[in-house]
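Number of protein chains: 2
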Amino acid sequence: MATKIGILTFDDFTDADLFLHWDLLNRVKLYGLSNNWNVKILGTKETHLSVSGLKVETHGQIDEVDSCNAVLLTSGKGTRNIVNNDSYLSRLNLDPTSQLLAAQCSGSLILGAKGLLQNKEVSAYPPITKHLIEYGANLQKKSLVVDGYLATASSCLSSVLLSSWLIEKLVDEDAKKIVLESIMPLSGFSDLNLF
Amino acid sequence: MATKIGILTFDDFTDADLFLHWDLLNRVKLYGLSNNWNVKILGTKETHLSVSGLKVETHGQIDEVDSCNAVLLTSGKGTRNIVNNDSYLSRLNLDPTSQLLAAQCSGSLILGAKGLLQNKEVSAYPPITKHLIEYGANLQKKSLVVDGYLATASSCLSSVLLSSWLIEKLVDEDAKKIVLESIMPLSGFSDLNLF
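Protein chains in written order, with this note's numbering: chain Z, 53 to 247; chain F, 53 to 247.
A hint or two may mislead.
Remember, identical chains collapse to one label, so a pair may be satisfied in a single copy or spanning two.
Claimed, not checked - Using 30 Å as the maximum straight-line C-alpha spacing, the simulated BS3-like pairs for lysine-lysine come out as follows: (1) Lys182 <-> Lys81; (2) Lys194 <-> Lys92; (3) Lys229 <-> Lys182; (4) Lys193 <-> Lys81; (5) Lys166 <-> Lys194.
Treat the hints as calculated values from the structure; they're not laboratory data.
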């Protein structure tokens with residue numbers, strides 16, 4: 053049976069927060085780490101436009117999330133239009149008891165609007181902490197926070213941790229390591245500790 | 053006068069190696085860090101297809117590199133079709149005395165094919181080290197290597213360092229810091245040292 057991952061996007065998405073996940077998750081297929089691995093970008097239109105003006109084609113509608121083993125909610129200004137859009141939210145049939153739910157940065161707001169963050173441990177993404185608290189979440193100042201089937205990540209580069217979590221849960225630890233090794237800087241991350 | 057950056061792409065590009073740079077470089081404009089900042093994706097067709105099957109629209113032809121202040125060469129399997137394509141290479145009028153030249157992973161091969169790596173210090177991207185030596189380069193096992201106007205980076209996540217270098221050279225150190233801070237994981241990179 054196929055493992056199906058839906059990456060949710062929308063207009064005004066943050067480029068890296070979609071494309072980095074797309075790249076990392078597809079490496080599972082490119083490297084032959086799973087026999088039947090299907091990553092789809094889901095939206096409400098045939099194409100969506102990023103906050104910087106880049107167009108991305110979708111592979112299906114958001115209603116498809118109910119057939120996914122895992123749903124990854126990307127981030128960006130566009131999430132603010134979704135959280136008050138009842139007709140949009142009613143199409144998102146997410147099941148936190150049988151699906152992995154992964155939210156990148158402000159993608160967490162969509163989980164909150166769906167009522168899925170009540171008493172959940174979540175990553176404290178600074179620009180939206182107030183809203184996360186209003187949704188009943190318990191904030192943790194960590195890049196990646198996992199609470200059962202739900203994982204939240206803060207800031208663009210934490211997407212590496214979030215995709216890694218999905219790969220480990222859906223395939224195994226070896227697959228996660230192979231994907232991570234393929235993107236790690238030659239001299240590790242020491243060069244990136246710039247502050 | 054506008055600061056113009058050309059990001060070179062082609063079919064079979066590695067997704068993250070294009071899109072992460074695109075995102076980071078565009079943050080300069082999104083955050084108002086430069087008045088006249090123009091990032092263009094340049095190719096030979098109206099759209100190019102990534103190695104994982106994602107389509108990206110180009111904003112101009114590769115001949116435009118000669119009007120760019122900086123040229124960023126992305127990476128991927130597709131670079132192998134370019135290095136022996138004389139008509140392609142002849143359209144790439146790169147000037148290492150007046151332009152910043154930045155190569156991500158196998159994008160270095162294109163610089164080598166243009167004869168621009170002779171006696172240059174470059175990052176030793178493992179899958180292509182043999183070719184880099186054939187092009188006369190001196191390999192350094194570092195994530196980012198800068199040699200005058202030329203910088204080379206190895207592996208996907210080193211793109212953060214390469215884009216940072218461009219932003220610091222073309223704007224200033226403050227702009228670089230603002231962009232980097234916007235993508236850093238909440239708990240720094242310590243979580244990413246997984247090996």
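We went through each hint and held it up to the structure:
1. Lys182 <-> Lys81: Between copies only: 27 Å across, 38 Å inside.
2. Lys194 <-> Lys92: Intra 28 Å, inter 35 Å, cutoff 30 Å: intra-copy only.
3. Lys229 <-> Lys182: Answer is between; shortest inter-copy Cα gap is 26 Å, intra-copy 35 Å.
4. Lys193 <-> Lys81: between (33 Å within a copy, 29 Å between copies)
5. Lys166 <-> Lys194: within (23 Å within a copy, 45 Å between copies)
In summary, the structure agrees with every hint in the numbered list given earlier.
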